[in-house]
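Asks: Sequence:
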Amino acid sequence: MELDSNPEIKNKFEIGKPIQRSPQIICYGVSDETTEETVANSIKQHCSLDETNQDVKIIHNFKGTRGRNWIVETTPEIFSTLSKTSKLNIGWERISYKEYIRPKQCFKCCKFGHLAKHCKEEKPLCTHCGSNEHTWKNCKASPTCINCTQSNEKNNKKNETNHCCTSKSCPIYIKEVKFIASKTNYGQ
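In numbering that gives the first Met the number 0, the protein residues as written are 0 to 187.
Just to be clear, a hint being listed does not mean it is correct.
[As the list claims (entries may be wrong)] Using 27 Å as the maximum straight-line C-alpha spacing, the simulated DSSO-like pairs for lysine-lysine come out as follows:
| # | residue 1 | residue 2 |
| --- | --- | --- |
| 1 | K86 | K116 |
| 2 | K153 | K110 |
| 3 | K182 | K167 |
| 4 | K16 | K136 |
| 5 | K136 | K107 |
| 6 | K43 | K107 |
| 7 | K116 | K43 |
| 8 | K167 | K110 |
| 9 | K107 | K86 |
| 10 | K177 | K110 |
| 11 | K62 | K153 |
| 12 | K174 | K43 |
[Unchecked claim] What follows is a set of in silico ranges between Cβ atoms, one per label pair, in the way DEER data are often shown:
| # | residue 1 | residue 2 | range |
| --- | --- | --- | --- |
| 13 | E7 | G112 | 42 to 52 Å |
| 14 | E159 | P102 | 11 to 21 Å |
| 15 | K9 | G63 | 24 to 34 Å |
| 16 | S95 | E132 | 35 to 45 Å |
Simulated from the structure, these hints should not be mistaken for lab results.
Just so it is clear, CB atoms sit at the ideal spot from N, CA and C, and this is done for glycine as well.
Whole structure, please, built from the sequences with the hints as guidance.
Replies: What follows is the structure, encoded as structure tokens:
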């Protein structure tokens, strides 16, 4: 039986496909003077698109180790074109870029899926060792991932815990990245 053909269910629930996330890239080390318009137009030019095309959306930029890093949202088609190379000309610079998938992580309780401003925990945990006695700034303990520790206890797992909860090699972080990628529309 189709759910949307049953009037009892159709009137009580809204049935639809989940909204997928658009692909994003991060452009590294862009000159501080570069404008949002220049970044967007450079990507459009790289993909042979008209400058009036609205399919390149700047999400935000932030200070990197060399210049600014820009987060850009695209369509699956543009992402596919971009994924064939790893360099892009922006202004007079040749910059590197890659896919951007960054799970939301709370820096109060260290869990994924929400930010600190929405956290319900009362006392913050150290992101380095998981203790609630101090913050990462004055931590002298060895790194211990609170997420892997809790997952091991809850699910009888054997994840390594000798890393901090913000490590890119954390199994829980990797699982979150894969989950976000599974909800991304790559157009396939």
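Asks: Where does the structure disagree with the numbered hints, that is, which hint numbers, in rising order?
Replies: Failing hints, ascending: 1, 4, 6, 7, 9, 11, 12, 13 and 15.
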